[in-house]
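K.L.:
Given the coordinates of chain A, work out where chain B should sit on it, guided by the hints.
Protein chains in written order, with the working numbering: chain A, 1 to 354; chain B, 355 to 636.
Hints listed in this document are in silico derivations from the structure and should not be mistaken for laboratory results. Heads up, the beta-carbon is just placed ideally off N, CA and C, and yes, glycines get one too. Treat the hints with care, since some could be wrong.
As the list claims (entries may be wrong) - Quick look at which bits of chain B chain A covers, simulated, 3 or more residues with Cβ under 8 angstroms: (1) 517-530; (2) 544-555.
Unchecked claim - Among chain B residues calculated to face chain A with C-beta under 7 angstroms, some are: (3) Arg533; (4) Ile534; (5) Asp535; (6) Ala537.
As the list claims (entries may be wrong) - Below, in silico cross-link-like pairs of lysine-lysine (DSS-like), each with a Cα-Cα straight-line distance of 27 angstroms or less: (7) A:Lys225 <-> A:Lys21; (8) A:Lys178 <-> A:Lys152; (9) A:Lys92 <-> B:Lys625; (10) A:Lys152 <-> B:Lys544; (11) B:Lys625 <-> B:Lys544; (12) A:Lys131 <-> B:Lys625; (13) A:Lys225 <-> A:Lys178; (14) A:Lys131 <-> A:Lys152; (15) A:Lys168 <-> A:Lys131; (16) B:Lys544 <-> A:Lys131; (17) A:Lys92 <-> A:Lys131; (18) A:Lys92 <-> B:Lys544; (19) A:Lys108 <-> B:Lys544.
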Amino acid sequence: MAGVILNQVGKVYSGGIEAVKGISFTVPDGYFCVLVGPSGCGKSTLLRMIAGIETITSGEIRIGERVVNEIEPANRDIAMVFQNYALYPHMKVYDNMAYGLRNRGTPKAEIDARVQEAARILEIGMLLNRKPRELSGGQRQRVAMGRAIVRKPQAFLFDEPLSNLDAKLRVSMRVEIKKLQRALATTSVYVTHDQLEAMTLADMLVVMNGGQVEQIGPPLAVYEKPATTFVASFIGAPPMNLLAMTGPEACSVIAGVPLGLPSEGGIVGVRPEDLTLPDNGERPAGSLALDLIVNAVERVGPETFIYGNLQRGGDIIVRVPGQASPPSGERITAIAPRDKLHLFSADGRHRLPI
Amino acid sequence: MVEQHRFGNVLPHLILWIGILIVAFPVYLAFVGSTHEPTIISNGQMPPWPGSHMIENYYRTIFVGTSGTTREPVGTMLVNSFIMAMVIACGKIAISIISAYAIVYFRFPLRMTAFWVIFITLMLPVEVRIYPTYKIAADLNLLDTYAGLTLPLIASATATLLFRQFFMTVPDELLEASRIDGAGPFRFFKDTLLPLSRTNMAALFVILFIYGWNQYLWPLLITTRDEMQTIVIGIKKMIVTADAITEWQLVMATAMLAMLPPVAVVVLMQKLFVRGLVETEK
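Pulled out of the complex, with its shape left as it was, chain A reads as follows (with noise of 0.2 angstroms):
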């Protein structure tokens, strides 16, 4: 077992596209990390680094001790889990695992015990002997894992492994890779652009755009304190409600303290569950009150998703357990506790006290 550290890493594909634009961080042995952010932000491209199968054009990547920058995938002493399983098709289900050992001369015997585990712990042992495509894509998923168990390798690295399967199994599965990590204590590294799948697996996330790390930390630090306003609206479902303050309303006071807003402007940001609306309308003092115009309800059972306008412009979303159900058009106030409140700076990029 080892830890993944990477240091300054950068990729800048041969058309000039920098996608990896020199990133560094550790994921310490044993760790279950968690590469997050939108398509097109380079979190592929940084795993496919990492396996060895993209060249690695600035800065270096080291698996354990050894600086792997230059080492065939092969010999990085790792396994990977592709987005379409990539299981060989012509060949069964126990030939996927075994393959990776026989190449590199694993005894037979050695072989066959560490496929019978594998599949006994996936349970996949009545599946041995058939192809892939006889396969539901739930099982696809457990041939994938197993190819990747079996190798006992320094470090998984899962690309985005669960986004083929319909929700249901998408749920299951995520359990059971959390509980085979855990099991197994394998340092992984796992892409994914689903921040609820991030937020469930990870023992440390990193979340990404544009090529950079927005944020890095245990999810619900990042979740609780997003350093941007991109991590705040991309981390939690549905995003936060931002809003752009200038001029006066930058200077507003809440409970009898400014905002703390800069006096050239910033950004406000609530979380939708932290809103609530009180029976009476009434306005607690020490509270942030936004009066709303309904123009859309979703009830999806245990909760309610009221989308509403503001009326100086402005979308805002509330989330209220149980089932509310105001009438399109109506007005109401939804108000947050000023403890609630996220500051960030004009730009977005930096976190401000609140």
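P.N.:
Frame of chain A; chain B shown alone:
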């Protein structure tokens, strides 16, 4: 699918049967002709039913040969044709799959130039370059050899293009997974690409075998000795006899025999052939 009307079924069947008759009738005539005495056909009175000389005629065709121009028995020609078609088909597949592999999976200088040069040879079949090709074959002492018969026909742009198209549809992740699994270029080719190309290779084999079997112009030029003749040339030589009666019953028997190997290849490989054209195992 088309709806199953009663009338809707009759017309297609009628057309189908007419088509079958048009294709099958000459074949049937050839078969009938190959079973009669020589005099019957020469008199112009061929009966519509097979005669009684079938075994005798076919025996003579295969093991003895006609008494006229081609002194070689057709058995030798069959062997020659078979060797030629086999070597051409297998050679074309082997060379084109390797060149397609190089073009798709390796980055080397002038890669696209190489591809276009191969592409351009599509416009240069053997008939177009027959003089230089003959000159080279003659200078290399390849006249009247199997190598001379097959080598100039082996390079194939069509097959290279087909494999290239197929390789480009193989997901990149398979290559990446192979690299992580420790398979080098040769292993990836042998363990992954070759098995995946199986049906394509079978389909190509059928087409190329028939292409090789039907070669006429090149074998005509390159072979001079009777024992190197292919069956397609043999038939032609049997018909043209200056000073003797054409032994039509033997010509017909030869035609029947010439038809058998291509038909056998198609029938035996039909399943793979169709799969190779319509689906891939990805």
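K.L.:
None of the hints should be skipped; say for each whether it holds.
P.N.:
Hints and how they fare:
A stretch counts as covered by a chain when three or more of its residues have a beta carbon under 8 angstroms from one of that chain; for the region 517-530 of chain B and chain A the count is 4, and the coverage holds. Counting residues of the region 544-555 of chain B whose CB falls under 8 angstroms from any CB of chain A gives 5; the rule of at least 3 is met. About 5 angstroms separates the beta-carbon of Arg533 (chain B) from the nearest beta-carbon of chain A, less than 7 angstroms, and the hint is met. At a threshold of 7 angstroms, the smallest CB-CB gap from Ile534 (chain B) to chain A is about 5 angstroms, leaving the interface hint in force.
Using the Cβ-Cβ criterion of 7 angstroms, the hint placing Asp535 (chain B) at the interface with chain A is satisfied: the shortest such distance is roughly 4 angstroms. Hint on Ala537 (chain B) holds. Least Cβ distance to chain A is approximately 5 angstroms, under the 7 angstroms limit. This hinted pair checks out: Lys225 (chain A) and Lys21 (chain A) have alpha carbons roughly 24 angstroms apart, not beyond 27 angstroms. Restraint check: the Cα-Cα separation between Lys178 (chain A) and Lys152 (chain A) comes to about 17 angstroms, which is no more than 27 angstroms; the hinted pair holds.
Among the hinted pairs, Lys92 (chain A) with Lys625 (chain B) is consistent with the structure: their alpha-carbon atoms are about 22 angstroms apart, no more than 27 angstroms. Proximity of Lys152 (chain A) to Lys544 (chain B) is assessed by CA-CA distance (about 26 angstroms); at most 27 angstroms being required, the pair is judged to hold. For the given pair, Lys625 (chain B) sits about 23 angstroms from Lys544 (chain B) by alpha-carbon distance, which is consistent with the 27 angstroms threshold. Among the hinted pairs, Lys131 (chain A) with Lys625 (chain B) is consistent with the structure: their alpha-carbon atoms are about 20 angstroms apart, no more than 27 angstroms.
Restraint check: the Cα-Cα separation between Lys225 (chain A) and Lys178 (chain A) comes to about 24 angstroms, which is no more than 27 angstroms; the hinted pair holds. Note on Lys131 (chain A) and Lys152 (chain A): the hinted pairing holds, with a Cα-Cα distance of about 23 angstroms set against a maximum of 27 angstroms. At most 27 angstroms may separate the alpha-carbon atoms for a hinted pair to count; Lys168 (chain A) and Lys131 (chain A) meet this at roughly 24 angstroms. At most 27 angstroms may separate the alpha-carbon atoms for a hinted pair to count; Lys544 (chain B) and Lys131 (chain A) meet this at roughly 19 angstroms.
Straight-line distance between C-alpha atoms of Lys92 (chain A) and Lys131 (chain A) comes to about 4 angstroms, which keeps the hinted pair within the 27 angstroms bound. This hinted pair checks out: Lys92 (chain A) and Lys544 (chain B) have alpha carbons roughly 16 angstroms apart, not beyond 27 angstroms. Under the criterion of a C-alpha separation no larger than 27 angstroms, the hint pairing Lys108 (chain A) with Lys544 (chain B) is consistent with the structure, at around 21 angstroms.
Going through the hint list in order, the structure satisfies each hint without exception.
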